[in-house]
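A.B. asks: In the order they appear, the protein sequences are chains W and V. By full-length UniProt numbering, the letter at position 7 of the first sequence is numbered 7, and the numbering carries on one by one without gaps. By full-length UniProt numbering, the letter at position 138 of the second sequence is numbered 138, and the numbering carries on one by one without gaps.
Hint data in this document are derived by calculation from the structure and do not stem from the laboratory. Computed from a predicted model, the values in this text were never measured in an experiment. Treat the hints with care, since some could be wrong.
As the list claims (entries may be wrong) - Covered stretches of chain V (in silico footprint by chain W; criterion: 3 or more residues with CB under 8 Å from a CB of chain W, positions within the stretch not fixed):
1) 23-36
2) 96-102
3) 143-154
4) 183-195
Said to hold, decoys possible - Quick list of in silico lysine-lysine cross-link-like pairs, DSBU-like style, CA-CA up to 30 Å:
5) W:Lys285 - V:Lys183
6) W:Lys200 - W:Lys12
7) W:Lys95 - V:Lys173
8) V:Lys159 - W:Lys108
9) V:Lys203 - W:Lys192
10) W:Lys131 - W:Lys192
11) V:Lys79 - V:Lys5
12) W:Lys200 - V:Lys79
13) V:Lys136 - W:Lys192
14) W:Lys249 - W:Lys265
15) V:Lys159 - W:Lys192
16) W:Lys339 - W:Lys265
17) W:Lys285 - W:Lys192
18) V:Lys159 - W:Lys95
19) V:Lys5 - W:Lys200
20) W:Lys95 - V:Lys5
21) V:Lys24 - W:Lys108
22) V:Lys203 - W:Lys285
23) W:Lys200 - V:Lys24
24) W:Lys12 - W:Lys108
25) V:Lys136 - V:Lys183
26) V:Lys203 - W:Lys249
27) V:Lys166 - V:Lys203
28) W:Lys271 - W:Lys310
29) W:Lys95 - V:Lys136
30) V:Lys183 - W:Lys340
31) V:Lys79 - W:Lys192
32) W:Lys22 - W:Lys340
33) V:Lys203 - W:Lys200
34) V:Lys166 - W:Lys95
Even for Gly, the Cβ is constructed at its ideal location relative to N, Cα and C.
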Amino acid sequence: MSDQNIYEDRIKLFKDTIELKKTERVPNLSNFFTWKILDSPYKLSEAMNDYDKMERVVCDFHERYHFDAYMDLGTRNPIRVTDALGGGDHEVNDKTESINYYDHVLMKSDEYQELLDNEVKFLWTKVFARKFPDTTPEKLINAVQELMAYGQFNDKMTNKFVQEYHCPSVFNMNAVLMHPFEYLHNNYRGIKEVSIDLRKRRTELKDVIEKKFETQMLPALDAALDLDTSAYVCDTYFPMLAHAILSPKQFEDIYWPQLKQIIDKVVEKDKTIYIFCESTMLRFKDFFQDIPKGHVILHLEQDDIFEIHKELPNICLAGGMTTDLLGNGTPRQCIDYSKKLIDELGNGFIFSQNKMVSFRNDCARENLLAVNEFIRNY
Amino acid sequence: MLDLKILTQALGDLEEDLVMEMLKEFTDTSPSEAEALEAVAACQAGMTIVGELFEQGEYFVGDLIFAGELLTEAINALKPALGGGASVVIGTILLGTVHGDLHDIGKNIFKSMSEAAGFEVIDLGIDVEVDTFVKKAQEIKPQIIGMSGVLTLAINSMKDTVEALKAANVSAKVIIGGNPVTKESSVFVGADAFTTNAAEGVKICQGLV
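The shape of chain V in the complex, shown without the other chains (with noise of 0.2 Å):
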């Protein structure tokens, strides 16, 4: 019988082989639709103390990176006996790296902590056009925007953004993220929360839905 809350702590230490062992008897035990749903929930639990750990500085960004990869893995392993069934979302996000930027690590931290936490996540990609990002937020109607970028001229393609979905009608809110956010360029921007880590993100999006 799968112990949750071994697996949760498993994950937190991103101890992987014990992890991907663990999941590897569970499954072969054929179990139902319901158990393998406690298993998610135990994988996302164990990512907010990854969360937990990056805050207090015992992991920084190359942990979270490995813990993203170790949370794909894990849910990957449980995905044959999910079935249909899926994960409470608590909300949807609609996420990309803005115009004219090309980087993607810190938005794909991003993604995989929130999903971890129970959002369903729409990523765009990279260079993401203005209109793209409206067009989707028309169509999907996402709680939260998600913009991230590397590069100081990624400030500018996120205010064109915030812009433009207002001027849509856009009635979501707007996290921005990535290496040149300040508080400053936050206000510059027009969003209504920004970051510069994920684990940080991810919890003033919890607190926006």
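With the rest of the complex left out, here is chain W (with noise of 0.2 Å):
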């Protein structure tokens, strides 16, 4: 076979599966982050402040385990940019080989109306501000370049993977859409404040929540589902956090109304929309009921995928392999639970695993070897 063939079939196996069609073999997606460091010589601070090195530790993984397609090629810690600007989002500790973001509150409890009012303003007088106080001119000036460097780090990685290994990516930058509580939950308010504000500041929050949705997601929405995507796995990606946090009735109130607003608007344009869903799923399971067959992707990290299938047979389901299983399993165990996976979730399922691989046990080399070995052949 060509190497187009190869780079195109990977594509179509991607479609097909997400259209719940029947396809020859399960497309493995892989969800490995900083465990791919570790799996390297190098150290995680090594690797991840030196792109020639991470670049090594990237084309190192892919020709030991031949994944179809990558969630990360290197790209999703740009700690130099940050760094650059003066840290403190972050700790990366090679003692204990972890990556910590921390949990910042970047805006007072009284300052909605402010963030409404000119949210551009506020993000550099304030939440810039506030995350980075010791910025001066020059710095920005460094974390800019930086900026600039992470952009062609992420351009090159993206073309090596297609031109050299024949695997497409599996969104378009462009096409990354977040709800508007998630930049609340994630950026500026923090998790506990936030849990404070659906109580005590709910009119505001959903002030917040519906004029960036109409100023900045609804549009950015419309530029995403004009773009040519027909060469990544999926249209538009969403990935989910805060949902976390939220009761079903919350949920319904504060996130939903949006978020089925995107989705139909992805389904009449016979568009897709990769969901990386972090923590549960399960309770909100009713929203997802009524959608048509062919859009919709989630990627599960805590549920139980077999019960979310039965639930959803109208979805393309990701994930699955679990980090338990990998980090502690044997081959053999690994193997079973894959053939499992597969036989059970049937068409509409993509092979990847539950959790952002990041930390040294959550996967043993053996295991992952095994595992993909065998869903190349089965």
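Combine the two chains into a complex, taking the hints into account.
C.D. replies: Shown next, in the form of structure tokens:
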């Protein structure tokens, strides 16, 4: 088979799977993140601060395990950019082999109106100033240069994986959509404060969500849906984390109205959306039951994927392979579970890992080698 | 006069304004220490309602966080009337987020709910070294040691900590909790119990003392 055919076959394999069609084999999507570095000769800090080393790490990883596509090509944590601004948003620890991001409170509870009035001004004068209090014009210039270098690395890796390894990119970076509540939860208020706001400042919180959706998200969605994304696994990408604190009633009030509009537009334009779900989704299953098949992929982390499959046969599911098993099981146990996943989830299943694999004991090399060889041949 | 049943229900309903208004009116009457302790118990009973509503799916994590804050606010309002008195302590929990993990939201929810249930909780904070757990456990001899974590690496830190506690002959029961915790990981760690939700964790702890 020619290189071009391998590439096109992989894209077709993913797209057919998303449409719940029968395929010759299951697509194998890597959800490995910093574990790749721990599987290499480098320390975390070495690879994360040196794009040449990171490129070697990611390429060696592909040449060893041969996934069909990758959620991360060494570009998930652009720490050189934030470090240039003064750091303080994460900790890379080579001793514990971990990276931790801090839960910041960069916006005060009485600043919703200010955010509503002029978000750009608010970002620069309040949020940015609080996150990087020691930033100077020189640091800002360095950060812009680092951002450009990061962008170049991103492009280089994407192109290399398409050209040399014939692996399609999962999504176009310009087609990443984030719910306004995610910004409040992840970037501005933090988990604890936004939880309190849900009770004490619900109206202001909803006002911000609605305005950000109308003025930023809808135009971004329209632009994303107009992109030529035929060379990607999916047309749009939607990461979900903030739902982890919401009850179904709160989800229906705060989150779903906007997500529904997004999904409706995706369906209307006959496009696809990859929803990467941290935490659990089962309690929200009712919201997804009427979505036409062939448009939505849910990548699950903590849910019982078999139970979700029964509840949502209209949805393509991704994930399944647990870090518990990859890290602590035997190759035989991992293969047996892989077979169960493929046999029971049938068409419309993208084989991947349940968590963003990041730590040494999330996976043993012999287990991953055994699983991927099995997937290729089953 | 403070209606304890209404106070309990208001806290369970997370009606912050009503709870704080009732407590202000109550403390303005210069209550006795015994009366203040009854008010504390009523608030703690409200947290039991919160736990039940969580189990029923009516509340979720954000509500538990808010409930913890509300309870702290309520107890602080009652403190001047409490003097040196204290509620009955049903047991002591030594608690911390294990080494390598800096997350504390889940730990703090569990702490609030445990205290509301009558436990004394000694919180070691985040990124707690194995030795710190062991030394503190030898010092205060808790009935329960609670270890929390969000990252999957926490499982190995929990295992290291449990092994060190056993080597040091610490007899406390160990409960682990957090995002990566499963039945399998609990066996791997050697814990006595595990949970992925704070309300359930408190019930388990009540059964351990």
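A.B. asks: Checked against the structure, which of the hints given earlier come out wrong?
C.D. replies: Hint check: 1, 6, 8, 16, 20 and 24 fail, others pass.
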